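Novice: First to last, the sequence lines map onto chains R and X.
Using the numbering used here, the first residue of the first sequence is number -4, and each one after it goes up by one.
Using the numbering used here, the first residue of the second sequence is number 27, and each one after it goes up by one.
Note that these hints are calculated values from the structure, not bench results.
Please note that the accuracy of each hint is not assured.
Cut-off 30 Å, straight-line C-alpha distance, at most; resulting in silico cross-link-like pairs (BS3-like, lysine-lysine) [claimed, not checked]:
1. X:Lys237 to R:Lys40
2. R:Lys154 to X:Lys270
3. X:Lys237 to R:Lys50
4. X:Lys145 to R:Lys40
5. R:Lys40 to X:Lys216
6. R:Lys11 to R:Lys110
7. R:Lys10 to R:Lys67
8. R:Lys5 to X:Lys157
9. R:Lys110 to X:Lys237
10. X:Lys145 to R:Lys158
11. X:Lys270 to R:Lys50
12. X:Lys157 to X:Lys198
13. X:Lys216 to R:Lys50
14. R:Lys153 to X:Lys145
Since we're looking at a predicted model, the values are computed, not measured.
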Amino acid sequence: MMTESWGQFKTFEGKKFEALDPEFTKEVSTLIGGQDLTACFQCAKCSAGCPVSDKVNIQIHEVMRMLVFGFKDVLDTDMIWLCTTCYTCQERCPQGIDITDILFGLKNMAFRAGKAPSGYLSARQGLYDTGRLYPPTEWEREDLELDPVPEFNIDDTKKLLDKMGLMKLEDDTQ
Amino acid sequence: MTQSYEVFLGCAIPNRFNNYEASMRLIAKELDIELIDFEGASCCGTVVLKSIDEDSWLALSGRNIALAESRGHDIVTPCNGCFGSLKDTDHVLHDSEEHRARVNQALNEIGLEYTGTTKVRHFVEVLYELKDVIRDKIVNPLDGLRIAFHPGCHLLRPSNVAGFDDPELPRKVDELLELTGAKSIPWNLKLRCCGSPLLIASEDVATQIIKEKNASAIESGANCIVTNCPACHTQFDVQVLGLKDENEQSLELPALFVTQVLGAAMDLDREMLGFELNRVSLDPVKEILGL
Ligand code: SF4
Ligand code: SF4
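Only chain X is shown next, with the shape it has when bound in the complex (with noise of 0.2 Å):
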């Protein structure tokens, strides 16, 4: 039962978490997903583009999906903004014919169209598919490590694009990470959003949201912070970095990649599952993960 996609890693994972590439790649081969080099692929646009241009942004991330399509191949990304990029263009180019006809004008100058026949999903979605073979692998369970899981916005909302879980009260994810024998425990700002998309026009404003989030998730008493995005994980494990609530207690909170609990969980190659890379100290996670 062999899947298979072209795997759409983005910027933000090659530049700063080849942990979480790593560690899906181990699961994936581990599950029996293949995964296919993406050729050409650019950046995908993500909010950034589609601040600036709507249509710049649709014909850029128009693009990848044409790619894909011309190989025949479905695409999976880790990336809650490449999903939410590539999803979102493809529900505007597939609902607009407006939209449509112009970026296929301008595809078909490099040999390209969009039809809309490629899938575009998000790894955590094949991984939810694949719960009851995940479920045997575990032979590691982490007991006591006590998830404050994030699943990030664009990996739910708007919920007629990304159209993976509950807007309101995902469990998905939750399910998977607790098949391992963690807790994914209830925290109140969950579905607060990270703030990271907002490091390029106010870092000051970026860095009281990644306050407030990570001073709920320690209130709730979580020993740990578990994403399945590049763009959240630069909040949790890089911003983060020195943070101090007014008591000048720490807001430093270990940051996991979903992909490297399950493997620890599976009890595959820790060195491969890229630990050494998280920048906060994992030290009170450290037994529980068998590092």
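Only chain R is shown next, with the shape it has when bound in the complex (with noise of 0.2 Å):
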């Protein structure tokens, strides 16, 4: 069976914890939503109401444990691809942290370090050439005389995310 990239950190059993990080948690806590990060008091109710608590092999409140620490093999914990975005841990945390936007910050990192699924590697291909993630189905429209999808002009969005480096991600890490 092929080993995947990502998800490879599965259990705290036998993990030693002394090569805590602490830039790692100030790393993180730049992030787009990472400012109340070490605010986070372990209550689990982040993971109470989580949709995959049960299908995964670290949980919410662990990997919220995991940055307070400094520890960087959060990055290969499978609750950060397999969080769906939906925004429930951070609608109710009682410290008012932005644990799902915090998430989305620690994909970035994954993806920069090759952690990342496969899907997300061919999304980005298609971004970039096509501009959409799926092109629209004409024969339907057609039938329910809908007009054309408008155009629009590829060459300005890749100039844009030629800017931003979309492509060249992997290269920012040492």
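Both chains come to you apart, so use the hints to assemble them.
Specialist: Rendered as structure tokens:
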């Protein structure tokens, strides 16, 4: 069976917590939504309402604990990519932590480190090449007397995405 | 009292739910809402691009907002994904000078600028404001339609960004649906995510979630699911096909768009409401809808 490039951190058992990295906690705190990260008091309310709590190896409150401890292996947890982005945890956190937004930042970090599901790689290529995730289905539109979807200037979006370095994200990692 | 918007369709609706667009346009016409074609729109970026790189997402999504802004228009979208992405972008660019500067630097090179004057709205928000007008147009009551309404996540949460309805006890779209004589019934997993964003990372987990959702809707006694989002609808009307519970009972349930329900109750042309394109069989609710 092929080993996935993501989600390989499956249990805390036998893990040593010595090499904690306060710099990593700081780095995550500067992400969009990361400002209140260290206010987490581990009530686990986030995990209580999370739709994938019973489907992941590492739950969201454990991800939060790993972040507070500066435990970089967090990028290898399945929770990062199995988060549906439903924002239930963020809506309910008693400490007002922007949990879902922090997860987006962690996904960005994992992507740059080559730890992303392959679907995201092809989605990036498609978005860059066509500016869309899916093409229109023209025959159905004609049946319903819908006009064609307006064209757009693909060169503009390519220029924009080049400027942001979308196709070179992996180069950032040392 | 004509309202006017550029309509942001996104990628998923023209790809697989042309029935949603057709029914939305029919309703808009009926309610005197002007929908201007959105020239030059790209993908909204959605949670996919946001997951890959937030700067790229802000730039791509910010470009869409800036385009409408350059033409002096507000935006309406019938997609929760696009709504969430555009609203969230607007929120970040509004609050963070640093991000706004970076995005505008890139946008300037293609002759655009984000200043934040354009409003982004979901089509159901606009409909809710026209509740009284809609009430007067109901001529074909849908008695017997028991709806498990699925609001979807990004229409409601995070509530400080979405700003539409109570995130824990939403009722606005339910109110709209009940104007038709249908019943919006309570169901256990109503607020639970449909799982559609996971189709890209793990179809297996996405499938587990849609099975739980539909089992809950069926258990509640609903005879249909109603959504206001093509991404959610992909789960309820495409991915669900052929799924069964552990007793080999089918988990399929007719899946309708909010605009199709309203359109049927207003007695608009059924063919143009696009019911032919709904994948899960509509047989159980055919008569109620007048098909
Ligand atoms: S709900 Fe908030 S405070 Fe409680 S464990 Fe989760 S992140 Fe920490
Ligand atoms: S946003 Fe992600 S982590 Fe939070 S509750 Fe939803 S799926 Fe779980």
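Novice: Taking the hints in turn, state whether each one holds.
Specialist: Cross-check of the supplied hints:
1. Under the criterion of a C-alpha separation no larger than 30 Å, the hint pairing Lys237 (chain X) with Lys40 (chain R) is consistent with the structure, at around 24 Å.
2. Pair hint Lys154 (chain R) plus Lys270 (chain X) does not hold up; C-alpha atoms about 47 Å apart against a cutoff of 30 Å.
3. Taking the CA atoms of Lys237 (chain X) and Lys50 (chain R), the gap is near 13 Å; set against the 30 Å cutoff, the hint holds.
4. Annotation: proposed proximity of Lys145 (chain X) to Lys40 (chain R) is violated, straight-line Cα distance about 33 Å (limit 30 Å).
5. This hinted pair checks out: Lys40 (chain R) and Lys216 (chain X) have alpha carbons roughly 19 Å apart, not beyond 30 Å.
6. A threshold of 30 Å between alpha carbons decides the hint, and for Lys11 (chain R) with Lys110 (chain R) the separation of about 22 Å falls inside it, so the pair holds.
7. Between the alpha carbons of Lys10 (chain R) and Lys67 (chain R) the distance comes to roughly 12 Å, so the proposed pair stays at or under 30 Å and holds.
8. Between Lys5 (chain R) and Lys157 (chain X) the CA atoms are separated by roughly 50 Å; this puts the pair beyond 30 Å, and the hint is violated.
9. Distance hint between Lys110 (chain R) and Lys237 (chain X) is fulfilled; the C-alpha atoms sit about 28 Å from each other, no more than 30 Å.
10. Between Lys145 (chain X) and Lys158 (chain R) the alpha-carbon distance is near 26 Å, which keeps this suggested pair within the 30 Å criterion.
11. For a cut-off of 30 Å, the pair hint linking Lys270 (chain X) to Lys50 (chain R) stands: about 19 Å separates their Cα positions.
12. Restraint check for Lys157 (chain X) and Lys198 (chain X): satisfied, since their Cα atoms lie roughly 10 Å apart, inside the 30 Å limit.
13. Note on Lys216 (chain X) and Lys50 (chain R): the hinted pairing holds, with a Cα-Cα distance of about 19 Å set against a maximum of 30 Å.
14. Distance restraint check for Lys153 (chain R) and Lys145 (chain X): the Cα-Cα separation of roughly 26 Å lies within the 30 Å cut-off, and the hinted pair is therefore satisfied.
Of the hints listed earlier, those the structure fails to meet are numbers 2, 4 and 8, in rising order.
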